[in-house]
Each structure stands twice: as C-alpha cells, then as structure tokens.
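Visitor: Now for the letters of each chain:
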Amino acid sequence: MENKILKKVDYIFQESSINEIIDVVSKTLTKSPDDIILDIIDSGLKGRGGAGFPTGLKWKFTKNEDNPVKYVICNADEGEPGTFKDREILDTVAIKVLGGMTICGYSIGAKEGYIYLRGEYNFLLPKLNKIVDDFNKQLKSKGIDFNIFLKSGSGAYICGEESALFESMEGKRGEPRNKPPYPAVSGYNSKPTVINNVETLVYVTMICKMGVERFKELGTKDSRGSKVFSVSGDTPTPGIYELELGMPLADFIEDFGDGDTKAVQVGGASGHCVPRKHLKETIIGFEGIPTGGSMMIFNSTRSMYNVLHDYLEFFNEESCGQCTPCRVGCQQLLKGIESVKKGDRKPQYLDELKKLANTMKVAAKCGLGQSVANPFNSIVDNFREEIIY
Amino acid sequence: MSEYLVNLKINNIPVSVKEGTTILDAAKKLNFNVPTLCNHPDLSVAGNCRVCVVEVKGARLLAASCATPVSEGMEVLTNSEKVRTARKHVIELLLSEHNADCTKCFKNGHCELQDLASEYRIGDHVFIDLVKAKDKIADISSPSISKDDSKCIRCQRCVRTCDELQSVSALAVVKKGDHQKISTFMNKPLHEVVCTNCGQCINRCPTGALTERTYIEEVWKAINDPLKHVVVQTAPAVRIGLGEDLGYDPGERVTGKMVAALKHIGFDSVLDTDFTADLTIMEEGTELLTRLKKALVDGEKVALPMMTSCSPGWIKFQEHMFPDLLDNLSTCKSPQQMFGALAKTYYAKKKGIDPKNMVSVSIMPCTAKKFECGRPEMRDSGYQDVDYVLTTRELAMMVKQAGINFMKLEDEHYDSIMGNSTGAAVIFGATGGVMEAALRTAYEIVTGREVPFTNLNIMPLRGFEGVKEAKVMIKDVKPEWSFLEGAELSVAIAHGLHNANTLMKAVREGKANYHFIEVMGCPGGCLGGGGQPIPTSPEIRSKRAEAIYGEDEGLPLRKSHENPEVIQIYKDFLGEPLGHKSHDLLHTHYKPRIRY
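So the sequences go chain by chain: C and G. For what it's worth, the working numbering labels the leading residue of the first sequence as 1, then goes sequentially. For what it's worth, the working numbering labels the leading residue of the second sequence as 1001, then goes sequentially.
Honestly, I wouldn't trust all of these hints.
What the hints assert, rightly or not - Computed from the model, here is a short list of chain C residues facing chain G with C-beta under 8 Å: (1) S319; (2) C320; (3) T324; (4) Q331; (5) G336; (6) K365.
Stated by the list, open to error - Each pair of labels, with its calculated beta carbon distance range: (7) G:T1502 to C:K151: 28 to 34 Å; (8) C:N189 to G:P1535: 31 to 37 Å; (9) C:K151 to G:E1553: 58 to 64 Å; (10) G:S1416 to C:E170: 55 to 61 Å; (11) C:E170 to G:L1326: 56 to 62 Å; (12) C:G155 to G:G1247: 52 to 58 Å; (13) C:P347 to G:K1136: 31 to 37 Å; (14) G:L1030 to C:K355: 27 to 33 Å; (15) C:K355 to G:D1129: 18 to 24 Å; (16) G:N1033 to C:E170: 34 to 40 Å; (17) C:L38 to G:N1187: 51 to 57 Å; (18) C:G155 to G:M1407: 55 to 61 Å; (19) G:E1119 to C:P347: 27 to 33 Å; (20) G:E1119 to C:D260: 50 to 56 Å.
FYI, nobody ran anything at the bench for these hints, they're computed from the structure. Here a beta-carbon is modelled for each residue, glycine too, at the ideal position from N, C-alpha and C.
The following block holds chain C by itself, in its conformation from the complex (with noise of 0.2 Å):
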C-alpha cells in the first residue's frame, strides 16, 4: 500500500472568473463526448458524496441510454452531520460546479441540470440564483445548449439519497425508490440521469482544466486526487480542508487532533468509529475508509455513549420510515442502547443489537438503513464497556 502522507492542498477553492470556467467548459466541449467520458474514467474521479462509485463509469451508463431526455443533477443536499464543505464550494467557487454539470451535460446528451439545494442552504439562493443565470446566459451567447436551474430541498436528510431526491424534485414525499432501476436508466422524470456530489463536479471541471496527468498525481492508485474535509469536534483548528486521499489517520490526527484524541468518527452519522489504537493502519480513501468528507474528533472527555445515542436519535428521526428495518431498527438500536445503560436489559442485549445492525446493512432499502450499521457496530466494539457503564 502507498500510504502517502497528509498533503494538504489547494485545487477546490482557487477563484475562478466565470470567464476562466466557460473557457474550460468551451475548449472541453471540442472534443467528442466518449472522449471526455474515457478522460473522466482515466482519472479515477469517483464520487466525492461518500459511496465513491466511478463518475465516468456512471457518465458513461448515463450516455449510453437511448432517450432525447436526460438529466444533470448536482446533489447539494449536504445533510450529513458534521459535513459543511459543499456549503462552502457553493459559496465560494459556484461557477466551478455549474462548469463541470455544463461537461456532464454534453456527454451524456442532457440539456437540462438541476442542482437540488439543502432546505437548510436557502440563503444562498440569491447569490446562486444571480451566478447560475449569469452563467446560463454565457451558455447561450457561446451557443450551448444547457440550462442549469435550482430546486430548494425541505430539510429532509433522506432526500439526499439520490431516488428520494428524484421523487423530492417531483414533488412527491422524499423516499427513495427500488433499484434497479438505477438513476442512468430511470432518475428524474423516469428519464436517465447522472447525479453527481457537488465537489464531484469541481473535480471534473478541475481535471478538464489540469489535466487527467495532473489530477492523478494526486493521491494513490485506489483514491485519485484530493478531497476537502470538514473537520470539526476537539480540534483546535475546525475548518473546511482539501487534503491529498489516502493518508493514515494517524498524520490526519497528528495535524487536527488536540493531543487528547480518543476517536475519530470518519464520514459522519453514517460512517465508522475509529478508536485511537487503530488510526495508524486506518488509511482515509476506497481503500481504506471512503468518506465524504466529516472527521469528527473526539477527546477523552467525550461519553462514547452519547456520540451513539445522539446519531441514533438522529437516524430515528430522519428515517423516512419507508422500510421495516430502517424504521423500527432505529428504534430498537436506540431503545436497545438506554435499556443496556439503565440495566433493564443484560450486556449481552447488545450482541442482539448488533446482529440487528447487520441484518438493517443487508436488508434496509437504502443507504440510509443499510449505513446505521457502521456507527453501531463500530462503537458497540470499541467502547463497549462506555455503553454498559
């Protein structure tokens, strides 16, 4: 494994004039869609919302559909606890996400984008709304066929789940749909369609403007490039960073930990826990532990026990409680976890849990359900003795 270590670097939030972007997106669209695609799928860009799935690959699935409809759609439904970096890019770098929607577009054969905002991130309408027409009007006058609008989420963190923004945007109640069929078949509308993380987009915009070579200089072979983290928790520095992937949780902790570090919960509410004793082998990337960007960090004076029952306060309550598993075993992994603590329930009541926790891995309908799991179990392992004590 090529462990690297922390770099930390500054491709995502370099200013842009909105010039700059059009000229990118104008010189990218000169060349032929499947050679933009194969570019994409060089470069090892997979998806900065937390699964990492291939962007070009699912480009590519996207243009390969036979249908005069298609859909670019930005996910800015950043919901994640401890995630606040696709804020920032919005505020900051905009024009960068609508470039790279604008290149997705052509390649797949779509003339529409969409980007779905957090219900919570409306004060960044006005702005937005200023940029996204400025730049949609550049489009024109450069004679590109491609409308980018924006569509206001409720507050919904399911609806982050890409089908459960698909029905959002149609006005339905956000919950997300069976796959197959996957969104390049069927996304909005029923028609197909490439949604795609907001940073992803940067990214692309960014390998469009640098170049495939240079991009995957950065990070290793399994993690491509870089990625911006939000860093928060017992950190003497929270803040938003673009690091290189790849690097041992240890450097990471070594640079943002305030020296007292205890774990560090890597992705959010739904990624992993991961004690002290095992930051050196933890390598953050696919190959290690995918992220979309939360590092929470936790000191000694933190109660294990409240970090857990805290995100599963919070999954109770954005469950869309669609599916079995996902609605009551948040009720039980919760309920579960307090009786432990009061003694109404034996230690052993949390081996039941986490039995549990794997069945809602395997069987819950979305990644929501399906990511409870990684928390728990996680904690469960590692502290136990803070749960039962």
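Add chain G to chain C, keeping to what the hints say.
Guide: Relative to the frame of chain C, chain G by itself:
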C-alpha cells in the same frame, strides 16, 4: 413484458422466465413460496416491508424479491441462513411496533402478520415493545371503517389502494422516522375527510389496522328480541362471495345455502335486494327515457349523460370531487335504500307488521352502505329505512357463531313478497351489470323486441376493462317512442373510482358524449366490494364475475320488467315508475361536499 427469456437458478434449480419478471414470480414458478406483506396483485410495487428479501449470490445486499427483476445467470437463494436471519428480524421488528393483542383482534385468524409470526414461530420476541399508548385508541368516527394505528405495519397497501385504484387519497403517509404513520388530511378523523367509505383499503390491509365497523352484536340483539320483526335483504354480490369465507373456492354460488343460513340464524323475513334492483331498472330506465324525451322533444335543458346511483362510495366521491355534476346522477336511491323504504311501508302493511317494531338489516358486499343507511335523506318510511348493514364477511362470522355447518345446508328459497328477482338484478353485482339490465328492459320498452344480443348477453358491457363504451342503435320503435327512432344510444361504464375519475373529467370537459353512464365505486363492481371476503385479486374477481353471469343464465326470468313482484308492486302500491309514491320513497337528492 419482453418475450426475451432470462435464465437463472433459484435454490440451485434452473428456471427460464421472461425478462422483467420479478424474483418473487420466478420463485413462484418453481413453487418456492417467498413471504410478502407490502406486495399486492392489484397495486404497484412498494418493496418496503422487506419480508421477501432473498440472497443473490455475489451481491452485497439482500434483494427485495417483489421489487427486483431477474437477470441472466442470477443465482438466488430464498431460504439461506442470511435470508432467514433477516426475515425473522423483519418479522420481529414488525411485531415490536404492532399491537399484538391477536386473540382480541377483529382480524384474528385472518391476519397476514399473524400467519407469518406463526410460520416462523416467533415466540417471546427479543425486541422492545414500541406500541404507543395513544395509538391504541382506534378511530371509529366513520360508520364504515375502523382505523387502528397500533395494528398498522406501514406496508402502505391502503395508501396505494386509495390513490392508485380509487383516486381518493384519503389515506397518506405522514411524518418520518419513528413518527411515520398512515394518516388523513391534517390528521382529521375519517368521517371528516374525503373518504368515500368504499372499504377497498380494508380488503388490502394485511392486519387489523383497517377493518369494517361491525354491527353483528346489534343484529343478534334484534334477532333475539321477541318484540322485533327482523327483515334481512341480501345484495346480488353476496351470494357469489360468501362461500369464500365458509370453505368454498372463489366463484361458488351459494344462494340457496345463504338463504337457509339466514333462516337458521333467525331472521324473520329473508328477502332479496335483487327485488329492488329490478325495481331500480324500472325507475332508472324510465328516468333515462324521460330525460332523453325532455332533451330531444321538449328541448329542455336536462343533465346528460345520466349516471347510475347504486354505489354509495361513488355517490360520496361525486359529492366531494364533482359537485358540479350532481344533477347528472340518477335520483334513484340505491337498491338497498329502495328496499329499506319499502320494507317499513309496503312490506309492513302487506304483512300487518307495525314498522316501529321492525328492524331492517342488509347484507352487503360493501362498507359504504353502512354510511349510506345513516344518511339523513334515508328516512322516508318515517323511520331509519335500513337499520344495520353487515358485510359479506360479517354474515360469514354470524353463520359460524350460530354453529351452522354451512356446506351441509339444504338450499332454501327467499320469502315472499320482495324475495323474487330476475337475472337482470343478479348482474348488478358485476361492473356493467346495471347497464346490461337497463338495456334489456329499456330496449324492449321502446321497441317491443328483445335486445339484439345472443341469449340476452350483452357482451360488450362485460369484462374488467377500466372504462367500457358501447353503442346501441334504436330502430323500428313503438309509436309512443318515435322520437328515439334511428337514435344511437351511447353508454359508458367505469368501475373503481380511479376510472370513474378519468371518465368524470372527460364529462366535465364536454369530451364524453354519452347518454348513460354506469359507475361502480369498487374494482370489478360490487363483486369486488369493500365488504367482500379477503383476499381479493384480479383472478378472484374474475371467478366471482363468472359466478354472477352463471347465476343470471340459470334463472327463469332475466328481464327486470318481467319480475311478477315488480309488476305487482306497481299495481298495488306505487302506481307507475316515477309516480308520486315512487318519488316519495324511491328517489333522493345529493349534497355537495368539500374536498378537505
């Protein structure tokens, strides 16, 4: 579905099925039963209960077999350890949020969750009881439907039924997470919302969350009261559905046994709603011809197309959704209510019974009838015309409670008067039946000849297509109907409120130039009514329809105007169709209702 065949293995047995087939259906083909809860043959796929999960080799996740199409080379295991663990967990989770007071539940013995729990021997399950005390209080505001949230497993079959089949959406999913539930607009009680009382949700609820409001005890009490004369009427579709709850396969005609059972139970007079179905044809047919005359001869502005009014779910739907089209509804009461009004007047007089000592009970395939009998308009006899309405299912319960061995009963005949009927009345129970019965009579009244269809079977009006249309040429009419000479009578039929909604929108927009429209609120007509035995499916409804048409063909009289008791009642009591007395007892009016 494509013709292309996909090869896969289920539990190591190869099978080829058409592309697009679900794993669930492919497994069925191999006779592997995979349990389901949220899945229903009448509804879109939800894939939310997760009880049908199966293992697909090489896949990280278990697949919901009801929602996952097969793919080439797939290897599926329906009962692996991984599957069994997940499935048991899902059942245990559902039980943990379910008020499992099974022995006291109305659906005891007819509950899909109970069946699963028993199949998987879920004993003292491990999880914490999550039932909220406030949910244990059922909403019994509706005279038709009881809604008990503590029994709800959120499969959303009712929500899909109310939306997809009925276009009513009185029930919807509200809130999320641990607060998610099935509720009404603003969480109002059922009787305050657009609910049409059709009961289709009850037919598809896997548990006891949605059930009919039951009046069995009230009826037993009346039967056992020596001072009361209890009259019972039975709707056309009950006789072809009842058997399903008493040991027969769907499609069994049990008319004679049903009559015998009602007499054993102790009803004082066992009569037939079919009698007033025939009467409805006389009244409604005359009303149609009168409207046509007014329009064609007198140049009066009358509401056309005229629409049938037998189905109280449909009537309430129209009152909520199309209040602007209420004049198009026939003013005829439903056969149940015509019967009720005549029972406490005509029948009471003929039999020398004081109507105040009479209790009028009807057995209906319907839950909306429970609402209808309480409408303030339905007291023209001077009393509440129909006192209690029981569903087909409730009658089956009474038969069992009375200790009757139904299958061993000898056939018996309805009492007289108001017990005689024709085949035309029986087919009221199937979608298109009222139209067929009306045409058999109206055509003959106008032309003096039988309808020009082999053996009186007007085939274009039959079948389960959502909206059916037909045209009948009227030629060589009797002199008094000369204004109809050469006219082409155009009719349409819709069943299920979703189809009715489509048709009514066309009428409202002036795009539907029909003279007469039959609407039945439930899919398939009354044979698929909300009070019929559970389960229901397109196959079951087809078998019930075959039984109905079989019953029609087996009867000596098959035209309403030939019913001797109908001829008699006009002679003795009513005078003529649409006459003064008819107007007082057999016709009604409607009221606009708001949508929210």
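Visitor: Each hint should be assessed against the structure and marked as holding or not.
Guide: Status of each hint after checking the structure:
1. A distance limit of 8 Å between C-beta atoms decides the matter here; for S319 of chain C the minimum to chain G is near 4 Å, and the interface restraint holds.
2. With its C-beta approaching chain G no nearer than about 5 Å, C320 of chain C sits inside the 8 Å limit, and its interface hint holds.
3. For T324 of chain C, the suggested interface contact is upheld, since its CB lies about 5 Å from the closest CB of chain G, less than 8 Å.
4. Nearest Cβ of chain G to the Cβ of Q331 of chain C: about 5 Å, under the 8 Å cut. The hint holds.
5. The interface hint given for G336 of chain C is met, as the beta carbon of that residue sits about 7 Å from the closest beta carbon of chain G, less than 8 Å.
6. Hint status for K365 of chain C relative to chain G: holds, with the closest Cβ pair at about 6 Å, below 8 Å.
7. Between T1502 of chain G and K151 of chain C the CB atoms are about 30 Å apart, so this pair conforms to the stated range of 28 to 34 Å.
8. For N189 of chain C paired with P1535 of chain G, a C-beta distance near 34 Å keeps the hint of 31 to 37 Å intact.
9. Restraint check, K151 of chain C to E1553 of chain G: a C-beta distance of roughly 59 Å satisfies the suggested window 58 to 64 Å.
10. Under the hint 55 to 61 Å, the C-beta atoms of S1416 of chain G and E170 of chain C, about 60 Å apart, fit the expected range.
11. Look at E170 of chain C against L1326 of chain G: about 34 Å separates their beta carbons, and that is not inside 56 to 62 Å.
12. Checking the proposed 52 to 58 Å range against G155 of chain C and G1247 of chain G shows it holds: the Cβ atoms sit about 54 Å from each other.
13. Taken as a hint, the range 31 to 37 Å holds for the pair P347 of chain C and K1136 of chain G, whose Cβ atoms sit roughly 32 Å apart.
14. One distance hint, 27 to 33 Å for the beta-carbon pair L1030 of chain G and K355 of chain C, holds here, with the actual separation near 30 Å.
15. Range check, K355 of chain C to D1129 of chain G: Cβ separation about 19 Å, and the 18 to 24 Å hint holds.
16. With their beta carbons about 35 Å apart, N1033 of chain G and E170 of chain C fall inside the hinted range of 34 to 40 Å.
17. At about 55 Å, the CB distance of L38 of chain C to N1187 of chain G agrees with the hint of 51 to 57 Å.
18. At about 59 Å, the CB distance of G155 of chain C to M1407 of chain G agrees with the hint of 55 to 61 Å.
19. A hinted range of 27 to 33 Å holds for the C-beta pair E1119 of chain G and P347 of chain C, which are about 32 Å apart.
20. The hint said 50 to 56 Å for the Cβ distance between E1119 of chain G and D260 of chain C, and at roughly 54 Å that hint holds.
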